[in-house]
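> If you want the building blocks of each chain, they are given just below.
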Amino acid sequence: MNPIVLEGLTVRYGDRVALDSVSLTVAEGAVYALLGRNGAGKSSLVRCLLGEQKPDAGRVSLLGKDVWRERAALLREVGVVPEEPDMPPAMTLRQIARFCSRLYPSWDGAGVEARLKRFGVPADTPFGRLSKGQKAQVSMALALAGSPRLLVLDDPTLGLDAVARKAVFEELIGELADRGTTVFITSHDLAGVERIADRVAVLRQGKLVLDEEMETLKHRFRRLSFPVALTPGEREPRLEALAPVAVAARGWGIEAVVANYDEDRLEGPGKGGPEVSALTLEEIFIALTGESEEGR
Amino acid sequence: MPTALRIDPRDARPIWRQIEEGVQHLVARGALPAGTLVPSVRDLARDLQINPATVSKAYQRLTDAGVLAVRRGEGTFVAETPPPASDSRRNGRLREEAVRYASLAATLGASREEALSTFEAAWQSLTDGNGRAEGDDE
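Which chain is which? The protein sequence lines are V and E, in order.
With the working numbering, letter number 283 in the first sequence gets 283, and the count goes up by one each step, no holes.
With the working numbering, letter number 120 in the second sequence gets 120, and the count goes up by one each step, no holes.
On the chain E side, residues computed to face chain V include the following (Cβ under 7 Å):
id: 1; residue: Pro9
id: 2; residue: Arg10
id: 3; residue: Ala12
id: 4; residue: Pro14
id: 5; residue: Arg42
id: 6; residue: Ala45
id: 7; residue: Arg46
id: 8; residue: Gln49
id: 9; residue: Ile50
id: 10; residue: Asn51
id: 11; residue: Pro52
For the record, the hints were derived by calculation from the structure and aren't laboratory data.
Backbone N, C-alpha and C fix where the C-beta goes; we use that ideal spot for every residue, glycine too.
Turn these sequences into a full structure, and let the hints steer you where they fit.
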C-alpha cells in the first residue's frame, strides 16, 4: 500500500490557482522530497495532505484512507514536523510530551527523553523559551515518539544554523536506519535533500513539473559549455537532441543545461567539443524553476 | 574509514556508487586492510549525512563482489582476500580521470612532458606515503 496518493489535487484562492490538478504517489519506505519556490503551492499541498484544508477538487489518500474523512485516526500514525512549530509557550517540554502521549496508541516516552538529551534541551524548559533550532528539534522528537508509519516534514531546517540542521538530519537518518519509515519532506535545503531523498518532485506555479527518482534525475542532467560564439538566432545543432532547458550566451561561448544528456549524441561535426559537468540538485532546480519569476 | 570517504554532489555517479568505488579504492591501496571492521550502515549514514538505504545498497554490492564480508552479530569487515576492481569499470574510470587531468593540464598551458613528469611525481608521493594521509588517521 502506498502511504501517500494524491489524485488531481486542485486548490484555488479566488482567481488564483495554487494547486493545479496535482497527482503524485509516495511509495512505502521512500524518502520523497517536494521542492518549489516560495508561492509554488507547497504549503497548500501539505495542508491538504494532512487534512487541514479541503481541496477544491481531487483526493488525498493517506495510509490507504481518505484523509478528510478519517483525519483524527490517521494522524495517530503520522509524525508531523511543521514549518513553524507552535505549542503553548508556558508549557514545559515534559508537560507537552505527557499531553501528546495520550493521543498516540504507541508512544515512546523514553525515546523523547533520550532525544531531548541528545539535543541538549532540558525537559523542564517552557516551549516559549526555546530557540528556533531547539523548537525544530523538539518537534522532531515529538513526531518520532508516536512510532509513525509516515513522517511529514515541512521545511524542518528552515532558518536553522548548521549545527541544529545536522542534529535534525541525524535524527531522521537514525529513524530511517531503525524503522525504514516513509518520509515526505519539503525543504529549501537542497544540499541536504540531495543526500537523503530517493525521489524528488518539483512544484512550479501549482503544477508538478518533475517527479522522478533522484538517481535518474542526476543521471540525465548535465551542464555543457561550448567554446563557440553563435550569431543571434543560430543554434548549436548538437544541443537540440539533448533537450536543453536553459541556454545562456557567455563571453567565451555558450553554456547550456540539458535534461537528456547522452554522450553518444554529442559526437559528430561541431565547432569544438563541449566541456561536460554534472549538476547538483540545487543547480538542476534553478535550471527548472529559475528562468522566470513565479506569479504570487 | 569515514574520514577518507567523501560524497561529492558534483560527481555524476550516484552516491551509492561513490561509496562502493571509494571503499574499493581504499581497499585496493591498502588503506583498509583485510579484516578491518567497517562502520555500521547507521554510523556511516550519519557521518556522511545520507540515507541509510544508500549505504546499505553500496555495502550489499561490495559484499556480493567479495570486497566486504558480513559476520553475523559482529558487523561488516573487509574480506580476507578482496578481489580487484572489475576490469571494464576500472578501465573506464582510469580513462575518465586521465582525460580530466589531461584537459586541465592543457588548459593551464602545460606541455605534454610537464604533465607527465607532474603525474610521475604525484605517483611517487603516493607510493612513498602509502596513503597514510587519508586512510590511517582513526
